[in-house]
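Using the sequences and the accompanying hints, generate a full structural model.
There are 2 protein chains.
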Amino acid sequence: MKTVLELGRLAKQASRTLSVASTAEKNAALMGIARALTSHTDEILAENARDMQAAAENGMSKAMQDRLRLTKERIQGIADGVLQIVELSDPIGEIESGAVRPNGLEIQKVRVPLGVIGIIFESRPNVTVDAAALCLKAGNAVILRGGKEAIHSNIALCAVMQKAIHEAGLDPNCVQLVEDTSRETSAQMMKLNEYLDVLIPRGGAGLIQAVVNTATVPVIQTGVGNCHVYVDRSADLAMAAKIVNNAKTSRPSVCNAEESLLCHREVAEEFLPMVKKLLDESNVKLLGCPETIRILGDSVLPATDEDYATEFLDYTLSVKVVDSLDEAVAHIARFGTGHSEAIITNDWTAARRFEREVDAAAVYVNASTRFTDGGEFGFGAEIGISTQKLHARGPMGLKELTSTKYIVHGDGQIR
Amino acid sequence: MKTVLELGRLAKQASRTLSVASTAEKNAALMGIARALTSHTDEILAENARDMQAAAENGMSKAMQDRLRLTKERIQGIADGVLQIVELSDPIGEIESGAVRPNGLEIQKVRVPLGVIGIIFESRPNVTVDAAALCLKAGNAVILRGGKEAIHSNIALCAVMQKAIHEAGLDPNCVQLVEDTSRETSAQMMKLNEYLDVLIPRGGAGLIQAVVNTATVPVIQTGVGNCHVYVDRSADLAMAAKIVNNAKTSRPSVCNAEESLLCHREVAEEFLPMVKKLLDESNVKLLGCPETIRILGDSVLPATDEDYATEFLDYTLSVKVVDSLDEAVAHIARFGTGHSEAIITNDWTAARRFEREVDAAAVYVNASTRFTDGGEFGFGAEIGISTQKLHARGPMGLKELTSTKYIVHGDGQIR
Chain A
1 MKTVLELGRL
11 AKQASRTLSV
21 ASTAEKNAAL
31 MGIARALTSH
41 TDEILAENAR
51 DMQAAAENGM
61 SKAMQDRLRL
71 TKERIQGIAD
81 GVLQIVELSD
91 PIGEIESGAV
101 RPNGLEIQKV
111 RVPLGVIGII
121 FESRPNVTVD
131 AAALCLKAGN
141 AVILRGGKEA
151 IHSNIALCAV
161 MQKAIHEAGL
171 DPNCVQLVED
181 TSRETSAQMM
191 KLNEYLDVLI
201 PRGGAGLIQA
211 VVNTATVPVI
221 QTGVGNCHVY
231 VDRSADLAMA
241 AKIVNNAKTS
251 RPSVCNAEES
261 LLCHREVAEE
271 FLPMVKKLLD
281 ESNVKLLGCP
291 ETIRILGDSV
301 LPATDEDYAT
311 EFLDYTLSVK
321 VVDSLDEAVA
331 HIARFGTGHS
341 EAIITNDWTA
351 ARRFEREVDA
361 AAVYVNASTR
371 FTDGGEFGFG
381 AEIGISTQKL
391 HARGPMGLKE
401 LTSTKYIVHG
411 DGQIR
Chain B
416 MKTVLELGRL
426 AKQASRTLSV
436 ASTAEKNAAL
446 MGIARALTSH
456 TDEILAENAR
466 DMQAAAENGM
476 SKAMQDRLRL
486 TKERIQGIAD
496 GVLQIVELSD
506 PIGEIESGAV
516 RPNGLEIQKV
526 RVPLGVIGII
536 FESRPNVTVD
546 AAALCLKAGN
556 AVILRGGKEA
566 IHSNIALCAV
576 MQKAIHEAGL
586 DPNCVQLVED
596 TSRETSAQMM
606 KLNEYLDVLI
616 PRGGAGLIQA
626 VVNTATVPVI
636 QTGVGNCHVY
646 VDRSADLAMA
656 AKIVNNAKTS
666 RPSVCNAEES
676 LLCHREVAEE
686 FLPMVKKLLD
696 ESNVKLLGCP
706 ETIRILGDSV
716 LPATDEDYAT
726 EFLDYTLSVK
736 VVDSLDEAVA
746 HIARFGTGHS
756 EAIITNDWTA
766 ARRFEREVDA
776 AAVYVNASTR
786 FTDGGEFGFG
796 AEIGISTQKL
806 HARGPMGLKE
816 LTSTKYIVHG
826 DGQIR
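Read top to bottom, the protein sequences are chains A and B. Taking the numbering used here, the leading residue of the first sequence gets 1, the next gets one more, and so forth. Taking the numbering used here, the leading residue of the second sequence gets 416, the next gets one more, and so forth.
What the hints contain is simulated information worked out from the structure, not anything from laboratory work. Accuracy of the hints is not assured; some may be wrong.
[Said to hold, decoys possible] Below, simulated DSSO-like cross-link-like pairs (lysine-lysine); rule was C-alpha separation at most 30 Å, straight line: (1) A:LYS399 to B:LYS814; (2) B:LYS606 to A:LYS191; (3) A:LYS109 to B:LYS657; (4) B:LYS814 to A:LYS109; (5) A:LYS242 to B:LYS524; (6) A:LYS399 to B:LYS657; (7) B:LYS606 to B:LYS657.
[Stated by the list, open to error] Partial list, computed: chain A residues near chain B (C-beta under 10 Å): (8) PRO91; (9) GLY93; (10) ALA99; (11) ASP197.
Positions of the beta carbon are idealized from the N, C-alpha and C atoms, including for glycine.
Here it is in structure tokens:
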């Protein structure tokens with residue numbers, strides 16, 4: 001079992017050759033991975049069965065077990081996902097900008113790989129392949145550190161990928177797995193500045209907070225979304241009810257789901273009962289301010305500030321009646337996590353103010369927050385959704401896994 | 416004296432209004448700052464005199480004292496620098512990209528401020544105003560934490576700026592100074608995640624390393640440059656000698672100065688004496704490999720690996736004779752800091768390989784490394800030179816002090 005330091009050294013080495021590999025070479029490796037996933041399905045399923053057995057023995061919840069489970073169909077889905085990444089255009093080498101300076105220097109800003117990316121993630125084994133394929137396409141070596149619950153699945157998936165990469169003529173250390181899933185290896189990755197160019201944690205708020213607090217390697221924060229929908233007084237209330245219901249109930253466990261509803265006082269009396277009717281169909285639990293409770297009755301429990309700050313990831317919605325757009329914007333500034341925020345309005349000035357003043361990765365006018373997603377935004381695939389402002393914000397596709405360098409051509413210029 | 420936490424809270428508040436201020440409002444504040452610097456020159460000089468007296472009493476080196484000293488002309492120069500920032504186009508609100516999705520959603524990626532920027536810097540008081548003006552133009556509030564040697568100058572400069580900002584109708588807390596220059600305030604800024612969006616250390620390698628190791632706030636690393644010039648066997652040797660000499664001696668104390676010369680074995684015998692003749696005019700001290708010493712004689716001291724890893728920032732140059740382009744690239748990969756690297760060559764393939772394979776913010780073919788600079792690159796001004804790959808790489812102008820957000824317009828789309 002290699003140490004984290006050894007994995008880092010090998011990844012750095014592999015990244016040098018991968019950074020100058022052609023798109024054709026990288027695509028050949030990806031197609032090889034897709035084929036190998038299909039042809040090695042039985043071995044992968046056998047290893048996944050070991051993880052599933054351990055999960056059952058350890059009393060893992062059914063929902064978590066479902067996330068961990070691989071099937072023939074799911075492996076085919078993962079392979080198809082890799083083939084979709086083959087189809088994406090390669091950002092490496094793109095010229096972002098260029099100029100000739102008065103002294104004749106020709107300056108180009110070109111897109112290059114980041115180098116070596118570390119990914120710390122929780123128990124879904126599909127992430128192992130998705131993340132590796134995206135990193136590889138963007139010319140980056142990757143060190144994957146998954147959860148111990150999926151370790152046998154991950155070892156099998158990485159072995160299959162490494163073999164395919166090697167057969168395609170690239171360095172198999174482009175994709176490596178940390179097989180030791182003790183806490184120490186996670187901590188070591190967070191301080192691996194010599195070899196890692198960036199660390200991306202993918203998982204719950206606890207994991208992300210731990211990485212931010214400990215890492216000396218640059219981190220991209222992903223995923224925590226305490227998302228609001230604000231129904232303005234000028235909203236088309238029927239549209240608003242559909243959007244609120246969709247943002248809450250279409251998939252409550254994801255980061256772009258709505259966690260809090262803000263409603264302008266002037267329309268609360270009419271709107272709240274309307275939307276409650278829809279939400280009741282999914283048995284959404286409501287936590288509201290006194291005005292919400294006055295309108296909707298005692299089935300709504302009182303909401304605390306802690307509730308307004310909570311990403312429920314469940315069929316629970318906090319509700320607040322506000323006096324104005326200003327109050328809505330201030331509430332979002334206080335409790336939001338800068339992920340996705342929506343206003344439902346027909347007032348041009350209100351829409352403009354909301355989209356300018358609300359500080360979030362994605363700000364919506366008259367649409368569901370659920371669209372904050374690499375696929376929905378047209379990126380083809382995503383490695384996560386950044387909620388920080390540095391480097392990348394919002395859904396991160398291939399381009400967000402790259403950096404730039406300046407190439408300067410001269411004919412003897414001195415300063 | 417406000418605490419760091421209080422400064423953070425006020426900066427966050429100020430950044431909300433500043434982020435939606437118009438270009439005209441921001442320019443009015445900048446012009447006000449420029450005027451106020453001129454009209455308050457006497458007060459600023461009086462406070463600078465207190466710092467200079469303390470510096471003399473504490474035995475500060477003459478070179479450092481010169482960096483600390485303000486004069487009427489220097490203050491005018493600082494004011495002129497602010498007026499140049501007025502002339503730069505405002506990046507805020509620029510639409511980076513946009514698309515209409517098949518479902519009719521209109522997605523725009525627009526440029527927005529980062530929010531609140533922290534800058535920790537050493538004793539040059541001109542940085543105080545430069546940094547504040549750049550941050551303000553890009554819509555960011557800034558918290559400045561300068562060295563204790565310049566504290567009276569910095570307090571005076573910040574007071575002048577705050578007054579001018581207030582008179583222009585913006586929140587004076589857009590620009591704040593940490594007046595307590597104890598180590599604790601520096602450490603507090605590094606953990607001020609609640610309020611700081613990014614922290615930029617400007618100073619020596621020690622400061623930068625301390626910030627990287629301690630900060631939980633996202634950091635942009637700047638400035639350490641162990642820059643190489645590689646003279647290929649096909650180089651125009653007269654051009655090469657001029658470039659090597661320029662890169663070393665035009666301003667040895669800056670990060671884009673050359674620290675190490677690599678020379679292909681086939682031309683070493685001819686080139687090294689040529690370039691030594693030029694370097695001798697500036698009394699450059701040479702540290703060389705055995706082959707260099709064989710060619711140039713015993714006036715060249717032996718270079719250790721530590722020498723090859725050192726950013727001298729002085730009239731000292733390490734020299735190594737290499738057998739090939741590969742050896743040069745490998746040496747740079749081992750000892751370089753990813754700042755600026757140059758090849759002098761007339762070989763097309765060698766130039767192409769060098770610019771692709773060398774991993775640095777700026778890679779030069781047939782020009783001096785000294786051009787890595789916001790002004791020389793046409794950005795008008797710079798806040799520093801990033802040597803990391805995340806967010807910004809190379810000279811950072813106004814655009815690098817911004818982030819983006821997605822604004823999504825719909826007419827009721829749900830998912």
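Consistency of the hints with the structure:
1. A:LYS399 to B:LYS814: Holds - the C-alpha atoms of B:LYS814 and A:LYS399 are around 18 Å apart, at most 30 Å.
2. B:LYS606 to A:LYS191: holds (17 Å)
3. A:LYS109 to B:LYS657: Between A:LYS109 and B:LYS657 the Cα gap is close to 26 Å, so the pair holds against 30 Å.
4. B:LYS814 to A:LYS109: This hinted pair holds, its Cα atoms lying about 14 Å apart.
5. A:LYS242 to B:LYS524: holds (26 Å)
6. A:LYS399 to B:LYS657: violated (39 Å)
7. B:LYS606 to B:LYS657: violated (46 Å)
8. PRO91: Because about 13 Å separates A:PRO91 from the closest Cβ in chain B, which is outside the 10 Å limit, the hint is violated.
9. GLY93: holds (9 Å)
10. ALA99: Result: holds, 6 Å to nearest chain B Cβ.
11. ASP197: holds (5 Å)
The structure does not agree with the numbered hints 6, 7, 8 stated previously, though it agrees with the rest.
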